[in-house]
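As given, the protein sequences belong to chains A and B, one line each in that order. As numbered in the numbering used here, residues 1 to 416 make up the first sequence, in order. As numbered in the numbering used here, residues 1 to 416 make up the second sequence, in order.
Since the hints were derived computationally from the structure, they do not count as laboratory data. A couple of the hints might just be wrong.
[Unchecked claim] Here are the simulated DSS-like pairs of lysine-lysine, each with C-alpha atoms no more than 27 Å apart in a straight line:
id	chain 1	residue 1	chain 2	residue 2
1	B	K214	B	K66
2	B	K408	A	K66
3	A	K408	B	K214
4	A	K160	A	K214
Note that the structure is predicted; figures quoted are calculated from it, not measured.
Number of protein chains: 2
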Amino acid sequence: MITLEQCQAWDQADELAGLRQQFDLPEGTIYLDGNSLGALPRNALVRAQDVISREWGVDLINSWNKAGWWDLPTRLGDQLAPLVGAGEGEVVVTDTTSLNLFKVVANAVRIQQRRHPEKKIILAERDSFPTDLYMIQGFSEFLDQGYVLQLIDQPEDLEKAVTGDTAAVVLSHVNYRSGYLYDMQSVNELVHAQDALIIWDLCHSIGAVPMSLKESGADFAIGCTYKYLNGGPGSPAMLWAHPRHRADFWQPLSGWWGHARPFDMSTEYTADAGIRSFLCGTQPILSMSLVACGVDIFLQTDMQKIRRKSLALTDLFIQLVEQECSGQDLELVTPRDHKYRGSHVSFRHPQGYAAIQALIARGVIGDYREPEVMRFGVTPLYLGYRDIWHAVQHLKAVLHGREWDQEKFRVRGQVT
Amino acid sequence: MITLEQCQAWDQADELAGLRQQFDLPEGTIYLDGNSLGALPRNALVRAQDVISREWGVDLINSWNKAGWWDLPTRLGDQLAPLVGAGEGEVVVTDTTSLNLFKVVANAVRIQQRRHPEKKIILAERDSFPTDLYMIQGFSEFLDQGYVLQLIDQPEDLEKAVTGDTAAVVLSHVNYRSGYLYDMQSVNELVHAQDALIIWDLCHSIGAVPMSLKESGADFAIGCTYKYLNGGPGSPAMLWAHPRHRADFWQPLSGWWGHARPFDMSTEYTADAGIRSFLCGTQPILSMSLVACGVDIFLQTDMQKIRRKSLALTDLFIQLVEQECSGQDLELVTPRDHKYRGSHVSFRHPQGYAAIQALIARGVIGDYREPEVMRFGVTPLYLGYRDIWHAVQHLKAVLHGREWDQEKFRVRGQVT
Numbered sequence: 001m002i003t004l005e006q007c008q009a010w011d012q013a014d015e016l017a018g019l020r021q022q023f024d025l026p027e028g029t030i031y032l033d034g035n036s037l038g039a040l041p042r043n044a045l046v047r048a049q050d051v052i053s054r055e056w057g058v059d060l061i062n063s064w065n066k067a068g069w070w071d072l073p074t075r076l077g078d079q080l081a082p083l084v085g086a087g088e089g090e091v092v093v094t095d096t097t098s099l100n101l102f103k104v105v106a107n108a109v110r111i112q113q114r115r116h117p118e119k120k121i122i123l124a125e126r127d128s129f130p131t132d133l134y135m136i137q138g139f140s141e142f143l144d145q146g147y148v149l150q151l152i153d154q155p156e157d158l159e160k161a162v163t164g165d166t167a168a169v170v171l172s173h174v175n176y177r178s179g180y181l182y183d184m185q186s187v188n189e190l191v192h193a194q195d196a197l198i199i200w201d202l203c204h205s206i207g208a209v210p211m212s213l214k215e216s217g218a219d220f221a222i223g224c225t226y227k228y229l230n231g232g233p234g235s236p237a238m239l240w241a242h243p244r245h246r247a248d249f250w251q252p253l254s255g256w257w258g259h260a261r262p263f264d265m266s267t268e269y270t271a272d273a274g275i276r277s278f279l280c281g282t283q284p285i286l287s288m289s290l291v292a293c294g295v296d297i298f299l300q301t302d303m304q305k306i307r308r309k310s311l312a313l314t315d316l317f318i319q320l321v322e323q324e325c326s327g328q329d330l331e332l333v334t335p336r337d338h339k340y341r342g343s344h345v346s347f348r349h350p351q352g353y354a355a356i357q358a359l360i361a362r363g364v365i366g367d368y369r370e371p372e373v374m375r376f377g378v379t380p381l382y383l384g385y386r387d388i389w390h391a392v393q394h395l396k397a398v399l400h401g402r403e404w405d406q407e408k409f410r411v412r413g414q415v416t
Numbered sequence: 001m002i003t004l005e006q007c008q009a010w011d012q013a014d015e016l017a018g019l020r021q022q023f024d025l026p027e028g029t030i031y032l033d034g035n036s037l038g039a040l041p042r043n044a045l046v047r048a049q050d051v052i053s054r055e056w057g058v059d060l061i062n063s064w065n066k067a068g069w070w071d072l073p074t075r076l077g078d079q080l081a082p083l084v085g086a087g088e089g090e091v092v093v094t095d096t097t098s099l100n101l102f103k104v105v106a107n108a109v110r111i112q113q114r115r116h117p118e119k120k121i122i123l124a125e126r127d128s129f130p131t132d133l134y135m136i137q138g139f140s141e142f143l144d145q146g147y148v149l150q151l152i153d154q155p156e157d158l159e160k161a162v163t164g165d166t167a168a169v170v171l172s173h174v175n176y177r178s179g180y181l182y183d184m185q186s187v188n189e190l191v192h193a194q195d196a197l198i199i200w201d202l203c204h205s206i207g208a209v210p211m212s213l214k215e216s217g218a219d220f221a222i223g224c225t226y227k228y229l230n231g232g233p234g235s236p237a238m239l240w241a242h243p244r245h246r247a248d249f250w251q252p253l254s255g256w257w258g259h260a261r262p263f264d265m266s267t268e269y270t271a272d273a274g275i276r277s278f279l280c281g282t283q284p285i286l287s288m289s290l291v292a293c294g295v296d297i298f299l300q301t302d303m304q305k306i307r308r309k310s311l312a313l314t315d316l317f318i319q320l321v322e323q324e325c326s327g328q329d330l331e332l333v334t335p336r337d338h339k340y341r342g343s344h345v346s347f348r349h350p351q352g353y354a355a356i357q358a359l360i361a362r363g364v365i366g367d368y369r370e371p372e373v374m375r376f377g378v379t380p381l382y383l384g385y386r387d388i389w390h391a392v393q394h395l396k397a398v399l400h401g402r403e404w405d406q407e408k409f410r411v412r413g414q415v416t
């Protein structure tokens with residue numbers, strides 16, 4: 001039996017516990033949705049005030065050089081590169097995950113058009129975050145050269161699905177709903193064995209699990225900065241491309257920020273020779289500037305320590321649910337095996353939607369994903385063992401008290 | 001002879017003079033670059049603090065509904081619609097000007113593929129802001145269906161250049177360098193007479209000159225919110241599409257925010273039936289939220305009053321330069337005719353680059369555009385007649401004193 005006292009002891013021994021002080025979290029809330037929108041780093045407000053009052057208000061256009069707005073996409077990219085196992089000059093922060101996926105799919109297909117024009121399949125998962133599928137659909141329809149999106153139903157189907165016809169594979173490193181974590185290295189090898197290219201969507205893994213994009217031999221990666229990285233609502237996304245593709249870098253959203261010499265004001269587009277070629281238009285400087293505040297906190301520790309605590313917390317969550325909520329029709333969706341688990345835990349429950357609303361009313365913020373999935377994000381930077389204890393106690397109360405029966409919790413609204 | 005006293009009298013009679021109090025401008029600066037980056041509205045800092053501390057920090061993911069993040073692109077679009085002569089539900093604020101141009105070019109070409117598949121020319125100006133040309137080049141290369149970008153050298157060439165082969169015409173409503181203003185209505189008619197579609201880039205006209213996008217019969221428009229609209233550095237761009245094209249709305253950057261029912265988490269993309277179909281990925285909420293602060297100030301007056309003052313100030317600038325700086329090798333690039341003048345004034349000078357640096361050192365912030373063009377943006381919301389007087393006195397001193405000869409002003413850096 002795990003007890004509250006035991007959780008308290010773990011908190012006291014937790015070397016990451018002090019990092020919580022660097023976040024502003026509302027009183028009385030246990031925030032288990034950092035995998036949807038990360039919490040507010042305390043230094044974000046000060047940083048925003050400086051960007052607004054000084055960089056914008058006083059220095060005005062001079063800030064393009066003086067405050068380094070011009071280099072912000074690569075500076076932030078270099079700052080977060082260690083979190084994903086990328087090298088310097090290999091990452092940009094820009095635009096949105098959806099747009100960045102469009103760019104790297106276009107690049108991958110362009111490479112394959114030259115190397116293996118007969119390959120026409122873009123492979124992804126039915127259970128991808130839908131926008132990934134939508135962007136591939138938009139891409140294929142627009143290109144109109146017979147590229148077909150093929151979907152697999154579960155990770156186990158991947159091996160058979162990648163064939164000589166596969167041009168590119170787009171996978172979520174961690175599944176947004178189940179929390180399933182792919183073994184990046186072995187997938188890269190599997191995909192490359194068929195001369196296909198692999199694109200990783202890191203939205204639910206960046207800042208949550210360690211990874212070695214470059215060393216593992218991945219081709220492209222995109223991901224968002226506002227979930228585990230705590231960059232702020234809708235903060236610009238990241239994009240990584242393996243430097244071995246450098247000579248083949250290409251993407252069709254060729255705006256001025258990706259130009260080799262943008263201030264020549266030439267009428268001809270000449271792409272930057274490096275990762276900047278994935279930039280397009282002028283970026284939202286204020287939202288982008290705050291990305292640094294979240295990443296700064298990560299750089300005070302390392303991804304291995306974060307991973308250890310993440311696994312300890314998700315293990316604890318699963319064990320406590322099984323200990324406290326047995327017989328409650330909960331089905332664990334997330335893999336038990338550490339090798340295949342990201343940093344959130346999902347349970348299916350027939351009344352999952354209403355149960356999550358009841359939990360939120362109690363100050364435990366999880367979220368809901370169709371169908372019937374209650375999702376609990378575990379962010380080691382600002383969550384402790386007692387938080388997990390109390391969250392499960394609330395879940396127990398909701399389920400035992402059938403709080404999901406209350407009408408007010410059953411009304412469907414927008415979820416994100 | 002125009003005197004400082006005369007300028008003072010005009011300031012006293014200026015009904016818009018009070019609006020300057022709603023901006024934070026650095027002391028001792030005359031800011032003539034609001035057409036590159038608009039000044040800071042005083043309420044932006046308070047708004048940012050609220051978005052960060054309350055919407056993000058306290059309400060967290062609940063803000064998607066509670067703070068209306070989800071509807072922000074259309075709410076801001078509706079708010080600025082009156083400034084461009086658009087109706088409710090016709091404008092979104094999202095992404096960047098470059099990306100929005102890609103979307104509307106794709107939509108225009110798609111329409112023409114059905115109506116007039118033989119039309120293969122996209123017409124633009126050699127003197128477009130380069131990113132417009134780059135995006136069209138990227139589009140055409142990617143689509144690979146024989147669409148060709150054809151460039152005209154001057155507005156007078158437009159009439160002959162639009163032919164039965166023209167699919168779409170992309171024009172800057174106000175030229176970023178010369179300040180030339182197209183007569184939107186007559187261009188729309190000229191373009192439509194050849195069954196072509198017209199796309200307006202409003203970057204240098206939105207918030208500067210009145211326009212009637214819908215009534216004049218334009219097809220599409222895109223533009224930025226960080227110049228005359230004062231939305232903040234890199235704040236998201238706007239996009240308008242005439243509702244007569246509604247049944248044909250289409251664009252390939254089909255991310256989840258453009259989906260008809262995004263929370264169904266369907267694997268199939270189904271575009272929203274309206275202007276939201278031009279949305280793509282998750283937007284930078286903080287940068288986007290501040291767009292309202294700039295637009296709020298416009299809504300306290302109207303575009304006709306702003307236009308009258310703008311013309312009075314640009315007239316004054318031209319007259320004072322001719323009165324104070326005669327014989328100084330300055331060539332007016334901007335049209336004298338009000339009908340063809342935007343809200344900035346440009347002069348060519350052989351030492352234009354260094355002269356602008358010398359002016360900036362004196363606290364007069366203009367900017368430089370290749371080749372040899374000194375550009376002075378006139379923003380009626382926060383500039384007065386005395387500002388123009390003093391700016392020209394500084395210009396006179398720079399030119400008479402040959403300050404552009406100083407080495408420190410001749411070093412080329414990045415300009416934006």
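Against the structure, the hints come out as follows:
In summary, the hint linking B:K214 to B:K66 is not supported, as the alpha carbons are separated by about 32 Å, beyond the 27 Å threshold. This hinted pair checks out: B:K408 and A:K66 have alpha carbons roughly 16 Å apart, not beyond 27 Å. The suggested pairing of A:K408 with B:K214 is violated, with an alpha-carbon distance near 44 Å, which exceeds 27 Å. Between A:K160 and A:K214 the alpha-carbon distance is near 25 Å, which keeps this suggested pair within the 27 Å criterion.
Hint compliance for this structure: hints 1, 3 are not met, and every other hint is.
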